[in-house]
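Undergrad: Go ahead and model the full structure; you've got the sequences and the hints to work with.
As you go down the protein sequences, you meet chains B and R in turn. Following the working numbering, the numbering of the first sequence begins with 1 at its first residue and continues without gaps. Following the working numbering, the numbering of the second sequence begins with 1001 at its first residue and continues without gaps.
One or more of the hints may lead you astray.
[Unchecked claim] Derived contacts from chain B toward chain R, CB cut-off under 8 angstroms, selection only:
| id | residue |
| --- | --- |
| 1 | Glu39 |
| 2 | Gly122 |
| 3 | Leu124 |
| 4 | Tyr128 |
[Said to hold, decoys possible] Here are the simulated SDA-like pairs of lysine to any residue, each with C-alpha atoms no more than 25 angstroms apart in a straight line:
| id | chain 1 | residue 1 | chain 2 | residue 2 |
| --- | --- | --- | --- | --- |
| 5 | R | Lys1258 | B | Ala45 |
| 6 | B | Lys116 | R | Thr1074 |
| 7 | R | Lys1258 | B | Leu239 |
No lab work stands behind these hints: they were computed from the structure. Idealized CB from N, CA, C, for every residue including glycine.
This is what each chain is made of:
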Amino acid sequence: MARSVTPRRKLLNTTVAWAIGLLIFFPILWTILTSFKSEAQAIAAPPIFLGFDWTLENYRVVLERSDYARFLWNSIIIAGLSTVLGCIIAVPAAWSMAFVPSRRTKDILLWMLSTKMLPAVGVLYPIYLIFIELGLLDSRAGLVVVLMLINLPIIVWMLYTYFKEIPGEILEAARMDGATLRQELLYVLTPMAIPGIASTLLLNFILAWNEAFWTLNLTAVNAAPLTAFIASYSSPEGLFFAKLSAASTMAIAPILILGWFSQKQLVRGLTFGAVK
Amino acid sequence: MSLKSTLCAATALSLITASSAFADGHSATITIATVNNGDMIRMQGYTDQFTEETGIAVEWVTLEENVLRQRVTTDITTNGGQFDIMTIGMYETPIWGANDWLVPLNDLSDEYNADDILPAMAGGLSHDGTLYAAPFYGESSMIMYRTDLMEAAGLEMPDAPSWNFIAKAAREMTDRENDINGICLRGKAGWGEGGAFITAMSNSFGARWFDEEWNAQFDTREWSDTLNFYKNMMDDAGPAGFATNGFNENLSLFNQGKCGMWIDATVAASFVTGDDSTVADSVGFALAPDNGMGKRSNWLWAWALAIPAGTQQEAEAKQFIEWATGTGYIELVAENEGWANVPPGARTSLYENPDYQAVPFAQMTLDSILSANPNDSTVDPSPYVGVQFAAIPEFAGIATEVSQEFSAAYAGQQSIEEALEKAQAITNEAMEAAGYR
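TA: Okay, structure coming up:
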């Protein structure tokens, strides 16, 4: 039986949810507003919220100084391919762990997750030397591989969780009907797990898009994505807050738009199996 | 489209993007790693002229100072070859030069006139007498103060004030009701932020980082005097939260008329007298204070262009360095943007130029630079080169930790004595591990 919620309670919940939402969104809103201020207005104390002279000057300067399209293209390629590649590897891995578990499956899953606990800087030099040897420095291919490996544990974990919700009997039935392993994965499992796979892809695309340690350390000119674009406007000696905000807004805009349009799939995927 | 076709397309796309190169039609392309500050950004704007003159294209990798330092250090220590020119400072140059990681710049052309480089800059960018980086601009630190507030306080700023005068003036100028702080100084943790300031200040109090046997000296009275003087003055006359203020925060406060005095980099002079400043018409300059012990509290720094030893384009890189740090570039900027905007502090001839002498902060900048000596920065003898740093590889890590302890003391999270005790232990431990002691 559905629990009844009083209008007062509903109003309270809605207000609290909006307050939390606005609190979380406020830094992004502030960045966007600052991007339309002059440098002097950006550092004004007390801060000016809306009553300032709106200007597009910072965007003009940023676009004039930097090749935004190249950074954007690199971000799309690197985040997109690393996510797709990770998913191609993770689907069979998660399938085997979910439907053909061994005694060590839990240990393997925990071990995979534990690799995320290693500070990235601890392996910077070995990775850098490998990249030099393989000629992968400042290449998109190199970054695709590194980001795929970094996010692979999360992809496997998420897919494993979704797959566990799918009754194994359905796959058994497909096998009895003569489906091969490939057909079972592609035509039975994948369609049923689409919401989970979609949300996994989206989340990992966002993680890869925002990754700043490896993208800054392994790139120079050709493969530098939007994280490097933002970093080029940060300065400890000189006031560039408004320009930095404009660069940040331009860097997060594509991912914000993507998140906005796919929020239904994201929420559906992230809550998949959460309520039984 | 089937999944198989999608996979094939994705693989093909990745191969294409991996192998693609940016063909630009120039005879050569050099890649330069640099910091994001006004003078460097201005130089990027004039790069097309260099390309027109030489046919050499230039790619820029601009990063925040600390990120850049980590990035270029990784590349040069692994011989990664990502950059043909690196923007580095006085700290890295002698260390990297000693390790043969940089190309010596002792064969620059006669037209370049390397002898024109200010001796203090050339000395700090050399190792064993060989120049390893050409200064693009140099800086020291000095006092920037509000002439109107100083007058209202009934005081007159000497050209070379003492710390006692500065403390007195700071307290007199403070007006909490009107949100005016007598003095704004760096307190932020970080060896290049608050760490640089307090080290330079400590020189004037007779303190030093190490004795001649590389023993830490934080247990001396001189360090205690430095930190107590700083904290008492800032508690009485500094802005709220000064323990987390760095260059940008103080610049912002000064430009909004909230600081009576600010002691910081000489390059800030063009900011506080520029369009973004609300107090541009009432700013005066003076040498950084001393304490009557023969050393002033100003630092010495240069952003300089160096060529990593692994570059394949040494000749082209040298051509660029000669162009960017030569007198021709200074004239180019002066012609287009005025003499106040030329990169300061690198060449003697700039300060002999009557047009530049008319710039209000020119002479004080030169005097400040000339009064700092990286080879003799402390009252008692010390084994290191550098004014606000010790040019040893371990210093950046140690000084960052030490400055964190100092900042915690400024913020009242621990006493000055506790901070100094910890600094002493941190430094001695690190120096022992590194084999100095």
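Undergrad: If a hint holds in the structure, say so; if it doesn't, say that too.
TA: Structure-based check of each hint:
no.	hint	result
1	Glu39	holds (6 angstroms)
2	Gly122	violated (13 angstroms)
3	Leu124	holds (7 angstroms)
4	Tyr128	holds (5 angstroms)
5	R/Lys1258 / B/Ala45	holds (10 angstroms)
6	B/Lys116 / R/Thr1074	holds (22 angstroms)
7	R/Lys1258 / B/Leu239	holds (17 angstroms)
Hint check: a violation occurs at hint 2 only; the rest are consistent with the structure.
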